[in-house]
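The primary structure of each chain is shown beneath.
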Amino acid sequence: MPTVSFTARVASRYVFATLAIGLTTALLYLWRSSLGTPLMALLYLLPVGLSTAYWGLGPGVLTAVWAFLAFNYFFIEPNFTLVVHRTEDTLVLLVFLVVAVVISQLVGRAQAGLAAAKAREREATRLYELSTAMAGLLDVQAIGRTLCEQVKSTFQADRVQLAATGGGPFPAPEVSLPPEAMSSPTAATLIAILQTARGQLGEIRLWRNSAPISNSEDRLLRTFASQGALALERAWLAEAEQRARVLEESDRLKSAVLSSVSHELRTPLATIKAAATSLRSGEIAWESAARAELLGAIDDESDHLNRLVGNLLDMSRIEAGALRPSRQWNLLQEIVGGVVERMRPLTGQHRLELDLPEDLPLIPVDYVQIEQVFTNLISNCLKYAPPRTVIGVIARPSGDGSLQVQVSNQGPPVPEQDLDRIFDKFYRITAADRVTGTGLGLSICKGIVEAHGGRIWAENLPVGFAFNFTLPMTWDGTPPPSLPPEAGPE
Amino acid sequence: MTSRPRVLVIDDEPQILRALRTILGEKRFEVTTATRGEEGLARAAADPPDVIILDLGLPDMDGLTVIERLREWTQVPIIVLSVREADADKVAALDKGGDDYLTKPFSIEELLARIRVALRHDARMRGSLGETIVTAGPISIDLAQHSVLRNGEEVKLSATEFRLLAYLAANAGRVLTHRGILTTVWGPTEADHVEYLRVYVRQLRKKLEPDPERPQFVLTEPGVGYRFLADD
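For the protein sequence lines, the chains are A and B, in the order given.
Read left to right, the first sequence gives residues 1 to 490 (the working numbering).
Read left to right, the second sequence gives residues 1 to 232 (the working numbering).
Hints listed in this document are in silico derivations from the structure and should not be mistaken for laboratory results.
Please note that the accuracy of each hint is not assured.
As the list claims (entries may be wrong) - Listed below are the simulated DSBU-like cross-link pairs for lysine-lysine, each with C-alpha atoms no more than 35 Å apart in a straight line:
hint: 1; chain 1: B; residue 1: 27; chain 2: A; residue 2: 273
hint: 2; chain 1: A; residue 1: 152; chain 2: A; residue 2: 118
hint: 3; chain 1: A; residue 1: 254; chain 2: A; residue 2: 425
hint: 4; chain 1: B; residue 1: 207; chain 2: B; residue 2: 156
hint: 5; chain 1: A; residue 1: 383; chain 2: B; residue 2: 104
hint: 6; chain 1: B; residue 1: 96; chain 2: B; residue 2: 206
hint: 7; chain 1: B; residue 1: 27; chain 2: B; residue 2: 96
hint: 8; chain 1: A; residue 1: 273; chain 2: A; residue 2: 425
hint: 9; chain 1: B; residue 1: 27; chain 2: B; residue 2: 156
hint: 10; chain 1: A; residue 1: 425; chain 2: B; residue 2: 207
hint: 11; chain 1: A; residue 1: 273; chain 2: A; residue 2: 254
hint: 12; chain 1: B; residue 1: 104; chain 2: B; residue 2: 27
hint: 13; chain 1: B; residue 1: 96; chain 2: B; residue 2: 207
hint: 14; chain 1: B; residue 1: 156; chain 2: B; residue 2: 206
hint: 15; chain 1: A; residue 1: 273; chain 2: B; residue 2: 104
hint: 16; chain 1: A; residue 1: 254; chain 2: A; residue 2: 383
hint: 17; chain 1: A; residue 1: 383; chain 2: B; residue 2: 206
hint: 18; chain 1: B; residue 1: 27; chain 2: A; residue 2: 254
What the hints assert, rightly or not - Rough simulated footprint, nothing fancy, chain A against chain B, three-plus residues with beta-carbon under 8 Å:
hint: 19; segment: 133 to 139
hint: 20; segment: 197 to 205
hint: 21; segment: 218 to 231
As the list claims (entries may be wrong) - Now the in silico label distances, taken between C-beta atoms and shown as ranges:
hint: 22; chain 1: A; residue 1: 281; chain 2: B; residue 2: 152; range: 53 to 59 Å
hint: 23; chain 1: A; residue 1: 418; chain 2: B; residue 2: 106; range: 35 to 41 Å
hint: 24; chain 1: A; residue 1: 141; chain 2: B; residue 2: 68; range: 51 to 57 Å
hint: 25; chain 1: B; residue 1: 59; chain 2: A; residue 2: 241; range: 42 to 48 Å
hint: 26; chain 1: A; residue 1: 279; chain 2: B; residue 2: 65; range: 39 to 45 Å
hint: 27; chain 1: B; residue 1: 147; chain 2: A; residue 2: 482; range: 25 to 31 Å
hint: 28; chain 1: A; residue 1: 418; chain 2: B; residue 2: 152; range: 55 to 61 Å
hint: 29; chain 1: B; residue 1: 106; chain 2: A; residue 2: 246; range: 39 to 45 Å
hint: 30; chain 1: B; residue 1: 138; chain 2: A; residue 2: 482; range: 29 to 35 Å
hint: 31; chain 1: B; residue 1: 59; chain 2: A; residue 2: 273; range: 25 to 31 Å
For every residue, glycine included, the Cβ atom is placed at its ideal position computed from N, Cα and C.
Start from the sequences, fold in the hints, and give me the full structure.
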């Protein structure tokens, strides 16, 4: 038990009150020859008043009774008896008793009033502290914790628990102080319910052994509970508002995506339709250049449409978090080689320079996805860098156990403030009608690289512009495997 | 084989059926079609085709089941059609006995090339003695003599390198899955070690390809496996 128990403290007050009268009596007895009876009566009032002031009404009244008895016993003739012979003495004793009791009553009441005022001030201070502590909080867990901490310190409680009960709009967070014991074998000393207009959120439970709960404390805990309920409700409403705003935003984004996508889909469709109908019209000569041109347009534009649909599907998978790389140990040289070979018809105007060291280790990546990263980055370079310039691909192991790859070109720089934003969906620095594409290529790269646990960023070079990204070189901490021993050459 | 090879197309898209019937008919194939798996199986049994083109996304049954049921009784070449988003299905279909695959949308040249390879491979498997020498550009592989020439000069290959190249070359034109190659060349216990393949293919390319960084003969099929491109 941390403090002396309440009953022991109260009992000690009565003991002190009794001792005070004993001491007064002893002093008066020493100087009894020089003091008259009326003066003694006055001096006895002193401990009565002080006892009441310090220890309250009960001990005050007790001192009054003790003083009356001691005065009578020791100083009223005949001494050492409680018998009184003289009428005058009887009168003195009676007046003394009345005065002593009245004084103790008056002082006691004033004391009680003062104590009540102080208690109210303390309550007000505590409430103020509670509401200040919770004012800035929008996280329900933090609110619950603060509430419990304040209750624990205000009530000097052994244990405080906040529990979700009832069917309110949302449950209160579960908090327990001290944290170790969530459930307690004994029943709580006091329980207050967290109630809002929308329903009951939970209840706050308090355990205290040192002193019983007074009425004012009971009231104070209820006030704490209602303050806590309000704070929780405020946090909940703020969160609901935030959710509504996000929904609204994603709705807005969706219609932007739809309008952009339908524009992008219609452009190749328009080309295909025009080419096919003019071929059907019979007005194009069978062996003419125009005919070959139109057929080429249909072929190219249907590929374009196919890429567009693929990009949209990839993007939606990335956004749904459904893009899971199916990793295998792969050689970067093979991936890049495949991309370069496949893009050969498109790269005629540029020079591709690969700098991939022979001893690059195997990397645990999804072949198809990383191939797509290179395809998208290189076609982005082809789109923006002027013809007859160099597009470079460099890969080096970096110090932190990852592989760093750079795809660079000698195209125009990108404004610094746009370097991050070029990986956003549908973000273009150039007006959309001047370049072809979906506006999704780079954000798909970002999604793929991040799904592999790497990161991607762009930078301006002294001459040109570069994309950088990192890829892991270990697979859940496992380094590249070694190969089986080889039987000698055949 | 008759002069007009018979093709069975199993696909639930009427537009695809219409286009393939027209185009393959022009190319002197005899085309039958089915829009459901059960119907396709019944047609294949009633009038065995020379090659089957099978879409993996059928309304009544899984394309993989169709392959399994066909492989219970016939080795007819099966060319699988799939969409790019179903890579895993495609590999499963090949591992279950599919011969090759095409990703929609595909060009007709690609489809005809796949059909040609499948028919030729099938004919070879039926016993008409297969060629033992495979040539691809400057490369000449003698499967019987275990020798490889490049521009007329002998190329030194390790035993594993040769087994790998021989398996690829014997199946020239066909896609071979990682699992299939690993099982054949390294053995069934090593079927998941794609890294062996990556490294050995790179070594082969360095010894055989004119430009190993841009291979023309040992081709990577992303996410699926490898294909050896030989001269026709």
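Now the hints, each set against the structure:
no., hint, verdict
1, 27/B to 273/A, "holds, 26 Å"
2, 152/A to 118/A, "holds, 20 Å"
3, 254/A to 425/A, "holds, 11 Å"
4, 207/B to 156/B, "holds, 8 Å"
5, 383/A to 104/B, "holds, 26 Å"
6, 96/B to 206/B, "holds, 32 Å"
7, 27/B to 96/B, "holds, 29 Å"
8, 273/A to 425/A, "holds, 28 Å"
9, 27/B to 156/B, "violated, 43 Å"
10, 425/A to 207/B, "violated, 44 Å"
11, 273/A to 254/A, "holds, 28 Å"
12, 104/B to 27/B, "holds, 20 Å"
13, 96/B to 207/B, "holds, 32 Å"
14, 156/B to 206/B, "holds, 12 Å"
15, 273/A to 104/B, "holds, 20 Å"
16, 254/A to 383/A, "holds, 27 Å"
17, 383/A to 206/B, "holds, 32 Å"
18, 27/B to 254/A, "violated, 46 Å"
19, 133 to 139, "violated (count 0)"
20, 197 to 205, "holds (count 4)"
21, 218 to 231, "holds (count 3)"
22, 281/A to 152/B: 53 to 59 Å, "holds, 55 Å"
23, 418/A to 106/B: 35 to 41 Å, "holds, 38 Å"
24, 141/A to 68/B: 51 to 57 Å, "holds, 54 Å"
25, 59/B to 241/A: 42 to 48 Å, "holds, 46 Å"
26, 279/A to 65/B: 39 to 45 Å, "holds, 41 Å"
27, 147/B to 482/A: 25 to 31 Å, "holds, 30 Å"
28, 418/A to 152/B: 55 to 61 Å, "holds, 57 Å"
29, 106/B to 246/A: 39 to 45 Å, "holds, 41 Å"
30, 138/B to 482/A: 29 to 35 Å, "holds, 33 Å"
31, 59/B to 273/A: 25 to 31 Å, "holds, 30 Å"
Checked against the numbered hints above, the structure violates hints 9, 10, 18 and 19; every other hint is satisfied.
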